[in-house]
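Colleague: Throw the hints in and build the complete structure from the sequences for me.
Residue numbers (the numbering used here), protein chains in the order written: chain G, 642 to 1133; chain L, 1325 to 1831; chain X, 230 to 355.
For the record, the hints were derived by calculation from the structure and aren't laboratory data.
Be aware that a few hints might be false.
What the hints assert, rightly or not - Computed list of lysine-lysine pairs in DSS-like fashion (alpha-carbon distance at most 27 Å, straight line): (1) G/Lys798 - G/Lys931; (2) L/Lys1483 - G/Lys797; (3) G/Lys968 - L/Lys1744; (4) L/Lys1529 - G/Lys968; (5) X/Lys334 - G/Lys796.
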Amino acid sequence: MPYFSLTPADREAMLATIGVQSADELFADIPASLRDAAREAFANLEGGRSEMGLKRDMARLAAKNVHADTSTCFLGAGVYDHYVPSAVSALASRGEFVTAYTPYQAETSQGTLQVIYEFQSLLCRLTGMEMANASLYDGATALAEALILAYAATKKKRMLVPRGLSPAYRRVATTYTQGLPITIDEIPFDTTTGQIDGEALKEALKSGDVAAVVVAQPNFFGVLEDAPAIAEATHAAGALLVAVFNPLSLGILPPPGSYDADVAIADGQSLGLPMTFGGPGLGLFCCKQKFSRLAPGRLVGLTTDAEGTRGFTLTLQTREQHIRREKATSNICSNQALCALVATIYMATMGERGVREAATHSFHKAAYAREQLQTLPGVKPVFSGPHYHEFAVSLPVAVETIGKALAEEDIIGPYDLGRDYPELEGAALFCCTEKRSREDIDFLTKVLSAALPRPKVESGASGSDLNGNGSVHLDGVAVHYADDARTFYLDW
Amino acid sequence: MLNSPSLEPLLFELSDPGSASDYLPPLDVPEAPLPFATRAELDIPEVDEHSVVRHFTRLSQNTFSIDTHFYPLGSCTMKYNPKLNEAVAAMPGFASVHPLQAETTSQGWLEVLFRAQEVLAKIAGLDACTVQPLAGAQGEFCGLLMIRAYHNARGEADKRRRIVVPDSAHGTNPASAARCGYAVTTVKSNAEGGVDMDAMRAALKDDVAAVMITNPNTLGVFEAQIEELCTLAHENGALVYMDGANMNAILGQARPGDMGVDVMHYNVHKTFSTPHGGGGPGAGPVAVRSILEPFLPVPHVIQAESGEFAWDWDRPDAVGSLHGFRGNSGVILRALTYILRHGGEGLRQVSSDAVLSANYILARLKGTYETANPNGCKHECVLSASKLRSQYGVSAWDIAKRLPDYGFHAPTVYFPTIVKESMMIEPTETETKATLDAFCEAMLAIAEEAKNDPDLLHRAPLTMPVGRLDEANAAKCLNLCWTTPQAEEACESDGEPKREIAGAPTY
Amino acid sequence: MNTPTDLFYTESDEWLRREDDGLVTLGITDYAQGELGEIVYLELPEVGTSIVAGGSFGVAESVKAVGELHSPIAGEVVAANTDATENPGVVNESPFENGWMIRLKPSEELDTSSLMSAEQYAALRA
Chain G
642 MPYFSLTPAD REAMLATIGV QSADELFADI PASLRDAARE AFANLEGGRS EMGLKRDMAR
702 LAAKNVHADT STCFLGAGVY DHYVPSAVSA LASRGEFVTA YTPYQAETSQ GTLQVIYEFQ
762 SLLCRLTGME MANASLYDGA TALAEALILA YAATKKKRML VPRGLSPAYR RVATTYTQGL
822 PITIDEIPFD TTTGQIDGEA LKEALKSGDV AAVVVAQPNF FGVLEDAPAI AEATHAAGAL
882 LVAVFNPLSL GILPPPGSYD ADVAIADGQS LGLPMTFGGP GLGLFCCKQK FSRLAPGRLV
942 GLTTDAEGTR GFTLTLQTRE QHIRREKATS NICSNQALCA LVATIYMATM GERGVREAAT
1002 HSFHKAAYAR EQLQTLPGVK PVFSGPHYHE FAVSLPVAVE TIGKALAEED IIGPYDLGRD
1062 YPELEGAALF CCTEKRSRED IDFLTKVLSA ALPRPKVESG ASGSDLNGNG SVHLDGVAVH
1122 YADDARTFYL DW
Chain L
1325 MLNSPSLEPL LFELSDPGSA SDYLPPLDVP EAPLPFATRA ELDIPEVDEH SVVRHFTRLS
1385 QNTFSIDTHF YPLGSCTMKY NPKLNEAVAA MPGFASVHPL QAETTSQGWL EVLFRAQEVL
1445 AKIAGLDACT VQPLAGAQGE FCGLLMIRAY HNARGEADKR RRIVVPDSAH GTNPASAARC
1505 GYAVTTVKSN AEGGVDMDAM RAALKDDVAA VMITNPNTLG VFEAQIEELC TLAHENGALV
1565 YMDGANMNAI LGQARPGDMG VDVMHYNVHK TFSTPHGGGG PGAGPVAVRS ILEPFLPVPH
1625 VIQAESGEFA WDWDRPDAVG SLHGFRGNSG VILRALTYIL RHGGEGLRQV SSDAVLSANY
1685 ILARLKGTYE TANPNGCKHE CVLSASKLRS QYGVSAWDIA KRLPDYGFHA PTVYFPTIVK
1745 ESMMIEPTET ETKATLDAFC EAMLAIAEEA KNDPDLLHRA PLTMPVGRLD EANAAKCLNL
1805 CWTTPQAEEA CESDGEPKRE IAGAPTY
Chain X
230 MNTPTDLFYT ESDEWLRRED DGLVTLGITD YAQGELGEIV YLELPEVGTS IVAGGSFGVA
290 ESVKAVGELH SPIAGEVVAA NTDATENPGV VNESPFENGW MIRLKPSEEL DTSSLMSAEQ
350 YAALRA
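Modeller: The structure is reproduced here in structure tokens:
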């Protein structure tokens, strides 16, 4: 059996020291009926595999997934396929980091504590915010925590959340606040620009009962908001501004601190974390220092010992559940410390220039892809606002159909916006990171082109749907015939 | 002035602009005009790759871990974290998969989550399970939301506004209840640290939505009256929530569902060997009785008759979602790997050896330290330094600080709060007898030191990179982000040796 | 343990002093500050706040403990000790003098029958 450290002889000796005959006696206080039922149920549990056999089983399960190491990923919508330097996973997988406990005992945890302090410090610099905590679960729960902080800080209950914010974030925020006296009102987006409808926001702020306004920069459509203007309107109404940002985008975009955000939250997955089917991610939580006592989660502070040696320790623990219990600022205990470590090593390795480059390249590649896709017949940009590294286009055929056609060519994506936005039926969200080469983007364009219905060069029949009828030839222009042989089109 | 820097400088002190390696190829698409204002400086350090590697390698060596030390933290289940789990999680077919991929392209992942749902429900003796909650505390929150939804569906949500929690419970229990908008009634434990049935009866009025219990409780004692307690709660129309933090004690020995529990969470980073990672990520799957199944969060994984797995979003009574995607899937994958490696018999051996090891430590130390477990314990034992405190002025805190000098991490101290000067020791099933013996010898030696040289214990630890830190100064002169050396100097401590901090739970 | 005889005490370790102008000053006892340890944070209400009898008027925190501050009497806050909020250590050093916390204008005549004398309090915390 695996992972046991006691031998039968050890067990005998230990039982003798305790003064019992068998380990079974140590469970004598559990009612026999419960023990019998458990024994029977466990006899039927699957498992008990050798390491060799199990590893093969798991590898076969893994092989049932299409993955971005061999396919080309144009899917984003909150999880991004960025390049991660080899040093990052090599360092982050060190057993000393991976198997350490929460650093409550400071003297035995200086390594972990210093990493978290560096993480908090890097985030402050990246975001221009005054403080950052040691991490929350993910971006969506970080938003929920931000709203709860806003409620505690302002004693107001009403939150304004843009419809252009990630549907997943909105869903989690609603789930988190259902037992609390918080109401969430949606602010629509301008269907032309994709940005927050400024008039609707101003109208909603008039009542003066708003605790917080949320702005996503960029929003779910990849569109950049006029964050400074929203901040001004928000603060003029006495509400707090909660900024939702993409951390890697801050290599090029003005940080939330520059537009006076009160709280800034994000998912840190883009800072060197693998996609891992969406989790573990990394909740980032930054705020103005005046909210330090309302902030959720752990904080690491710098201090000294009696000799004056610099050291790090968890601080302001009186906010937390293990001391404050039902009056704690949050119930969070375990956070995403190891993911924060990854993000720290990623930023340290890439450095200022690397982070800036990754952000800049992502922008240019998305701009190029948007440009290319628009040249295809029937493919139109959905929003006119400025974009970062994601963009929506409307397609003349169902997004799901396109997704299937792309999958056949080992392309992952796009995201079907109609799933969450009935008003955007037929719109697809594409993402480009620095990992997408020009070749990748040109290939996407080509495959998409083949999957679309074409303007007829010559036609003997009424336009039939040619979905799935074309095949792609990469070597130059090719003529493709549809199945029914009544129409054909040119590939370019 | 600072007397000396920490052993390893801060990243910011290593920065040398222009020294970072490059990792990306040149831009291969035309530059587009920037349609937005860009920022000037990031102020992120630039360090050459070799120095980055040394920096983090040295920091890793500056931390205790399961891989390097015995970590007898009670209620934390610091067991060996198998390397197989990490190898499986690193497979690209798991690590490089996007959560929003089509179901047809992520069947492997869906199967992992589905099988985890199934096996975790069986281990609990309950009917269904969600693997979405991200940690134990969020599992509690999820479970309580489901309880709230259950009462709501019965038209009793406005009436049942209260959660009953024993005073020995983990702090997350009342904190999670508060997050659901519930009022918390704390009931005192009996002299043995168990649920006081009379106090419970008195607290169980018709405004109670649920009772939250921990079994085995935080004294490491199995609540023998658990079935009676569940019956009592149910008769009152309340549900029973079980904190599964201590499941390592009873895996395959007793199932919460059989006890009468309606809903429970696991801490897979405790029971199922996933790494703590310096504080996370964890996962907190929640298993429920069928009456709560309609309220499980979305999306839930289902299997069609064809054998295909799919996301089920069509759950109108669901409490909502607790994560932006599918939960900490990578953690669930490790837990499933561990469960499959052990199988049912292996998991029963886990609890058997965990309980044996804890009782062995108890047997060896109970003559020297007082104990809250006169009749034995389950997976952890609770000792007390009360006598050493009154006789020699040596506290549990001092002992916790001295143990690292002997090469051991401290046990949990000052928790549970119902025992004075408590030290909660959980050895787990993955330590050799030699390690357990060495730990006991250290505890005995420290008790001797307490008599002969108590001042030594007040000054401990003596062999760590730093001595006891000025935690009060850290709170008063809050420095959470590195700015300048001047800011650090402005926060200097008064240099008084820091002896003790009033007994608050320290895990 | 220092327990001045001219003050009244509560079971939750606050003291009250009746001032000549009819106001009542509140603080925490020497015993309470000792139990908390080094106080690093003190939160007091703003002037003008109404306090209900038995209600909380703030918190005193050390690194790992939180002391909720309770007033046994109702009234309006007419002063809060900002020296103490800026330098909470003063509560440890001088709990009965410089470490006072708030002055209340009581809603009604102070009823001392429900409060403890120094002697009674000293016996409670002996």
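Colleague: Hints first: check each against the structure and report whether it holds.
Modeller: Evaluated hints:
1. G/Lys798 - G/Lys931: Holds, at about 20 Å.
2. L/Lys1483 - G/Lys797: holds, 25 Å
3. G/Lys968 - L/Lys1744: holds, 23 Å
4. L/Lys1529 - G/Lys968: holds, 23 Å
5. X/Lys334 - G/Lys796: With a Cα-Cα distance of about 26 Å, the restraint between X/Lys334 and G/Lys796 holds, given a limit of 27 Å.
Consistency note: the structure conflicts with none of the earlier hints.
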